[in-house]
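Model the full assembly from the supplied sequences, consistent with the hints where possible.
Chains W, B, E and S, in that order, give the protein sequences.
Under the working numbering, think of the first position of the first sequence as 1, with each following residue one higher.
Under the working numbering, think of the first position of the second sequence as 1, with each following residue one higher.
Under the working numbering, think of the first position of the third sequence as 1, with each following residue one higher.
Under the working numbering, think of the first position of the fourth sequence as 1, with each following residue one higher.
Derived by calculation from the structure, the hints in this document are not laboratory data.
For clarity, every value in this text was computed on a predicted model and none was experimentally measured.
Accuracy of the hints is not assured; some may be wrong.
Which copy? The list can't say, so a pair holds if one copy fits it or any two copies do.
Think about it this way: if two alpha-carbon atoms lie no more than 30 angstroms apart in a straight line, the pair counts; the simulated DSBU-like pairs of lysine-lysine are [as the list claims (entries may be wrong)]:
1. Lys84 / Lys35
2. Lys190 / Lys102
3. Lys84 / Lys197
4. Lys195 / Lys141
5. Lys102 / Lys236
6. Lys195 / Lys84
7. Lys127 / Lys236
8. Lys197 / Lys102
9. Lys35 / Lys195
10. Lys84 / Lys236
11. Lys35 / Lys197
12. Lys127 / Lys35
13. Lys236 / Lys197
14. Lys84 / Lys127
15. Lys190 / Lys35
16. Lys35 / Lys236
17. Lys102 / Lys195
4 protein chains.
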Amino acid sequence: MRIAFLGLGQMGAAIARNILNAGHELTVWNRSPDKAATLVAAGAQQRGTPAEAAEGAEIVFTMLADDRAVEAVTFGENGLLTAKDGPVHVGLSTISLDLARKLTEAQGQHYASAPVFGRPNVAAAAKLNIVAAGPEAVLAKAQPIFAAIGQRVLPVGDAPLLANLVKLCGNFMIMASLEAMGEALALAEKNGLDKAKLFEVLTGTLFGSAVFTNYGPAMLERSFRPAGFPAPLGLKDMNLVNAAATDSRVPMPLLGTVREHLLQTIGQQGEDVDWSAIVGTIAANAGL
Amino acid sequence: MRIAFLGLGQMGAAIARNILNAGHELTVWNRSPDKAATLVAAGAQQRGTPAEAAEGAEIVFTMLADDRAVEAVTFGENGLLTAKDGPVHVGLSTISLDLARKLTEAQGQHYASAPVFGRPNVAAAAKLNIVAAGPEAVLAKAQPIFAAIGQRVLPVGDAPLLANLVKLCGNFMIMASLEAMGEALALAEKNGLDKAKLFEVLTGTLFGSAVFTNYGPAMLERSFRPAGFPAPLGLKDMNLVNAAATDSRVPMPLLGTVREHLLQTIGQQGEDVDWSAIVGTIAANAGL
Amino acid sequence: MRIAFLGLGQMGAAIARNILNAGHELTVWNRSPDKAATLVAAGAQQRGTPAEAAEGAEIVFTMLADDRAVEAVTFGENGLLTAKDGPVHVGLSTISLDLARKLTEAQGQHYASAPVFGRPNVAAAAKLNIVAAGPEAVLAKAQPIFAAIGQRVLPVGDAPLLANLVKLCGNFMIMASLEAMGEALALAEKNGLDKAKLFEVLTGTLFGSAVFTNYGPAMLERSFRPAGFPAPLGLKDMNLVNAAATDSRVPMPLLGTVREHLLQTIGQQGEDVDWSAIVGTIAANAGL
Amino acid sequence: MRIAFLGLGQMGAAIARNILNAGHELTVWNRSPDKAATLVAAGAQQRGTPAEAAEGAEIVFTMLADDRAVEAVTFGENGLLTAKDGPVHVGLSTISLDLARKLTEAQGQHYASAPVFGRPNVAAAAKLNIVAAGPEAVLAKAQPIFAAIGQRVLPVGDAPLLANLVKLCGNFMIMASLEAMGEALALAEKNGLDKAKLFEVLTGTLFGSAVFTNYGPAMLERSFRPAGFPAPLGLKDMNLVNAAATDSRVPMPLLGTVREHLLQTIGQQGEDVDWSAIVGTIAANAGL
Chain W
1 MRIAFLGLGQ
11 MGAAIARNIL
21 NAGHELTVWN
31 RSPDKAATLV
41 AAGAQQRGTP
51 AEAAEGAEIV
61 FTMLADDRAV
71 EAVTFGENGL
81 LTAKDGPVHV
91 GLSTISLDLA
101 RKLTEAQGQH
111 YASAPVFGRP
121 NVAAAAKLNI
131 VAAGPEAVLA
141 KAQPIFAAIG
151 QRVLPVGDAP
161 LLANLVKLCG
171 NFMIMASLEA
181 MGEALALAEK
191 NGLDKAKLFE
201 VLTGTLFGSA
211 VFTNYGPAML
221 ERSFRPAGFP
231 APLGLKDMNL
241 VNAAATDSRV
251 PMPLLGTVRE
261 HLLQTIGQQG
271 EDVDWSAIVG
281 TIAANAGL
Chain B
1 MRIAFLGLGQ
11 MGAAIARNIL
21 NAGHELTVWN
31 RSPDKAATLV
41 AAGAQQRGTP
51 AEAAEGAEIV
61 FTMLADDRAV
71 EAVTFGENGL
81 LTAKDGPVHV
91 GLSTISLDLA
101 RKLTEAQGQH
111 YASAPVFGRP
121 NVAAAAKLNI
131 VAAGPEAVLA
141 KAQPIFAAIG
151 QRVLPVGDAP
161 LLANLVKLCG
171 NFMIMASLEA
181 MGEALALAEK
191 NGLDKAKLFE
201 VLTGTLFGSA
211 VFTNYGPAML
221 ERSFRPAGFP
231 APLGLKDMNL
241 VNAAATDSRV
251 PMPLLGTVRE
261 HLLQTIGQQG
271 EDVDWSAIVG
281 TIAANAGL
Chain E
1 MRIAFLGLGQ
11 MGAAIARNIL
21 NAGHELTVWN
31 RSPDKAATLV
41 AAGAQQRGTP
51 AEAAEGAEIV
61 FTMLADDRAV
71 EAVTFGENGL
81 LTAKDGPVHV
91 GLSTISLDLA
101 RKLTEAQGQH
111 YASAPVFGRP
121 NVAAAAKLNI
131 VAAGPEAVLA
141 KAQPIFAAIG
151 QRVLPVGDAP
161 LLANLVKLCG
171 NFMIMASLEA
181 MGEALALAEK
191 NGLDKAKLFE
201 VLTGTLFGSA
211 VFTNYGPAML
221 ERSFRPAGFP
231 APLGLKDMNL
241 VNAAATDSRV
251 PMPLLGTVRE
261 HLLQTIGQQG
271 EDVDWSAIVG
281 TIAANAGL
Chain S
1 MRIAFLGLGQ
11 MGAAIARNIL
21 NAGHELTVWN
31 RSPDKAATLV
41 AAGAQQRGTP
51 AEAAEGAEIV
61 FTMLADDRAV
71 EAVTFGENGL
81 LTAKDGPVHV
91 GLSTISLDLA
101 RKLTEAQGQH
111 YASAPVFGRP
121 NVAAAAKLNI
131 VAAGPEAVLA
141 KAQPIFAAIG
151 QRVLPVGDAP
161 LLANLVKLCG
171 NFMIMASLEA
181 MGEALALAEK
191 NGLDKAKLFE
201 VLTGTLFGSA
211 VFTNYGPAML
221 ERSFRPAGFP
231 APLGLKDMNL
241 VNAAATDSRV
251 PMPLLGTVRE
261 HLLQTIGQQG
271 EDVDWSAIVG
281 TIAANAGL
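Written out as structure tokens, the structure reads:
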């Protein structure tokens, strides 16, 4: 298939590469053009605007940093909406429910959301979990691409925003899991219990899930740099959860707690720590 | 071995039965004597006081409701400390760190803590996870009994209170997990996402742990009666965590949130709901 | 002076009336034109757009519901920025720090913020407290008008956003005060103490401030309708505080608590209760 | 009257002195006997046990550090209950509702609670606010003494625990007020607003109460040593509020927040800071 891919950050570049590797014809665009060099060397064609990249493609994928970037690429000058024969659009970014609604209104049966779970190394290994929602025809068309970039597609409904909602809930659950384990670890350590021992017992019994496999070493060594997912991006996502909760009138006190710990973490340690550094903040607040 | 077992509630009775089934000689005591009938019919010998039950036993196990009951049975009139040739004491109850310290001071090398994870059906199936801490000699002696009642022993140190601390952390993690998932489910439902679908995606990816296998059906059906573990007992345990956190100067805001939700749950729904009913309270607070 | 006044809701209409009463020449505009009738009958001149109303005025005051309304009136079609000989602009609305920054950038030495404390009856009595920040020349020019509408001007700095920040802090403090007293009242009542008695002792000693004089009757009678200041507007303001706290990395857990109680209040009781209804929600959560 | 006074800490010594100054005959007792020297020099008679001090007195006042001390003095060896012709007992200490119940059960019509608001300098000036509850006859008898030590008596009911409840609510309100103002000050400072200016505007309008007059300087200068009321005592009192809230099923999230800030403050800064140091902790958490 002929595919357009917009947004070549760490995640986007890794995903685009797998699309190329799977034998598809790829045009790419990125705001900073130099990020495309490796892909171009591997056979991708680079374009100067989103609309040009989208022209002639069967599907355009977007993988961008935030709502503002997605809005610019879609609704802005030379954005997707100005492309001739606008292709279907599959949004992989983590965006707000509001923006998902707006994209759905603008692109109707041509838009689906498919945010992904997995960090850049998972993306590079084509092992992403893809949460997908949107018109059946769009999802069917995108199926071969999903197969090339992820290990599994998890369809959650017709309305695209539902996939974004699942993604936001997932990121909230990561933070909530770290908060819970972080508080338990601090309590253990202050009472003379080896925190690695506690972690082993808890994850060896009722709490043995991938989130703790992923974050265990960082939590136990309190090593939060370099950032796999910087705390300010985590805060941005928690703010999106907060916006959804506020709009739909859902009190989420645990969300409040993790947001406050993210703010403290960033305010005290700077913008370049991993979001799991809330575990260090919890320990510091206990005098550790 | 000759074993004494004190405390024949739902958990205690199930555990004692497995000790008997494993061929050990068993004397039992319970504050309400009639609870012993089934065990006596199966071959146990009933005694009128803790001290009498302990007499001649190699190990005495206690499985009691709270600190007060353990204190009465140990330090009270005709309590364990008055038994001739005091046997070693293995405490299975969920008690405070303070009481664990007090028992250690009083019984020294004769006391170990071995609280268990698992509900009555798990106890009946001899599948408990046993967290053990105390003098090596005591734990070694108790090993055959542990093998008869549980699937695994998790040793966590020499000081008995460490096992109680792990148990408290575990119960805190259960409540924290329910709080997190409860908030996510409420957010999903208020935004039009099938909550069973969210649960499936989350537990099918990063959050697939036994705690959600155990509590999933109750959470999704919002069915919190009859109580497997009544909310007031859950509150009691969270109060023990809170006491440990207060004494050791560890701020635990997520603990605060689950305690408040337990208080609201009990205050609004009564004393006979399961502790997982905080999930229902979270939903109700969102207007669901 | 010739004054333009944009925004004739409950607050705006009362303030505009006092300007007229003080003998100034007044042109007015409101999105729903019929709201101007009483003022026109009293001598004001009505215009069809913000720009027309502003034309020829020495000062234009805006008193609008939220950021969006202020943006439309300022930057939109026929907005203030399109007025000939643009007069100085004094913003009385409760807006975000971000919008205050944007207005300052656009209007420079011609813009000041002057949000007010006081409900409609206080506005009608010309007893508002006016928090003012901006270029000295603008504030000096506006002084006679401030004198006509308020009892006091509280200057807080040169940068207009500082006045908006003070206003947001003030509204946060109102909510925080109600939260604190609400929790104390619930505790009192559940333990058999007459809550009016507690209120009397507290406000008669260390806590005798106007916020409790204003809200005491509603709190004690749990009477939250009709709304003096509807909960959704209170939530909007707390969201503005939250945005400022998030942007400047300030953890504010008490803000989190009041936001959650506002969400629960609105989610359970609807959009038409007063923001002080969080006191009722606190009581209900305690089973009262 | 012949009065016995038990407990000569900072508060107790100042109060006892005023009783002596008013011309009453005074016997005193303190656990550390040397604390009585100044009072003895001024005419008081010192006794070796609570029971001896109480003998022959018309009223015995207790002013002790915590529940444990009051229990020892009342129920312990040579405690009040063993005194001949047991006089009426007026408890000035800040104690738990549970202990107030227990004292009422033990001493019936001879016990009243009369905790006080005011720091040592206020006690020395005989300006305390006395919250009183108990049998009318006891309060009537104590009236001349109340007049000698305080500026006002605030009667709140027949059941003694009601006075203790009011005192606990008052201390909670102090912490809650500092939490609220502390969060507002941090937000102001991080956004470029002079925090003294914010404080002046807030206390000059809706929030002008004595609690801020008392704590304003410490808050603004972030000067929390030496402690007027050490944070660990504040924590003790918040724990008593928490016990009351837990027992009566009242969720108090703001209480949770101040308890966590006290724990963090003590854990990070030690046991000798003033309880108002939570304001410094809030600022530090914001990176200030």
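Taking the hints in turn, this is what the structure says about them:
1. With identical chains, the CA atoms of Lys84 and Lys35 are at most 30 angstroms apart within one copy only, with a shortest distance of 26 angstroms there and 47 angstroms across copies.
2. Only between protomers do Lys190 and Lys102 lie at most 30 angstroms apart by alpha-carbon distance; the minimum there is 19 angstroms, versus 49 angstroms within a single protomer.
3. For the identical chains of this complex, Lys84 and Lys197 are neighbours neither inside a copy (60 angstroms) nor across copies (37 angstroms), given an alpha-carbon limit of 30 angstroms.
4. In this homomeric assembly, Lys195 and Lys141 come within 30 angstroms of each other (Cα to Cα) only across copies, at 27 angstroms, whereas the closest approach inside a single copy is 48 angstroms.
5. Within a single copy, Lys102 and Lys236 get their C-alpha atoms as close as 19 angstroms, and across copies as close as 22 angstroms, so both meet the 30 angstroms cut-off.
6. Taking the shortest alpha-carbon separations for Lys195 and Lys84, neither the intra-copy value of 59 angstroms nor the inter-copy value of 39 angstroms comes in at or below 30 angstroms.
7. When the C-alpha separation of Lys127 and Lys236 is checked against a cutoff of 30 angstroms, the pair qualifies only within one copy, where the shortest distance is 25 angstroms, while the shortest distance between copies is 41 angstroms.
8. Proximity of Lys197 and Lys102 under a CA criterion of 30 angstroms is satisfied inter-copy only: 24 angstroms between copies versus 48 angstroms inside one chain copy.
9. Proximity of Lys35 to Lys195 under the C-alpha cut-off of 30 angstroms is found in neither arrangement, the shortest distances being 42 angstroms within a copy and 40 angstroms between copies.
10. For a Cα distance limit of 30 angstroms, the shortest separation of Lys84 from Lys236 qualifies neither inside one copy, at 33 angstroms, nor across copies, at 41 angstroms.
11. When the C-alpha separation of Lys35 and Lys197 is checked against a cutoff of 30 angstroms, the pair qualifies neither within a copy, at 44 angstroms, nor between copies, at 37 angstroms.
12. With identical chains, the CA atoms of Lys127 and Lys35 are at most 30 angstroms apart within one copy only, with a shortest distance of 23 angstroms there and 55 angstroms across copies.
13. In this homomeric assembly, Lys236 and Lys197 come within 30 angstroms of each other (Cα to Cα) only across copies, at 25 angstroms, whereas the closest approach inside a single copy is 33 angstroms.
14. For the identical chains of this complex, Lys84 and Lys127 are neighbours neither inside a copy (33 angstroms) nor across copies (61 angstroms), given an alpha-carbon limit of 30 angstroms.
15. In this assembly of identical chains, the alpha carbons of Lys190 and Lys35 never lie at most 30 angstroms apart, being 47 angstroms within a copy and 36 angstroms across copies at closest.
16. Proximity of Lys35 and Lys236 under a CA criterion of 30 angstroms is satisfied intra-copy only: 23 angstroms inside one chain copy versus 40 angstroms between copies.
17. Within a single copy, Lys102 and Lys195 get their C-alpha atoms only as close as 46 angstroms, which misses the 30 angstroms cut-off; across copies the closest is 24 angstroms, which meets it.
Violated hints, listed in ascending order, are 3, 6, 9, 10, 11, 14, 15; each of the other numbered hints is respected by the structure.
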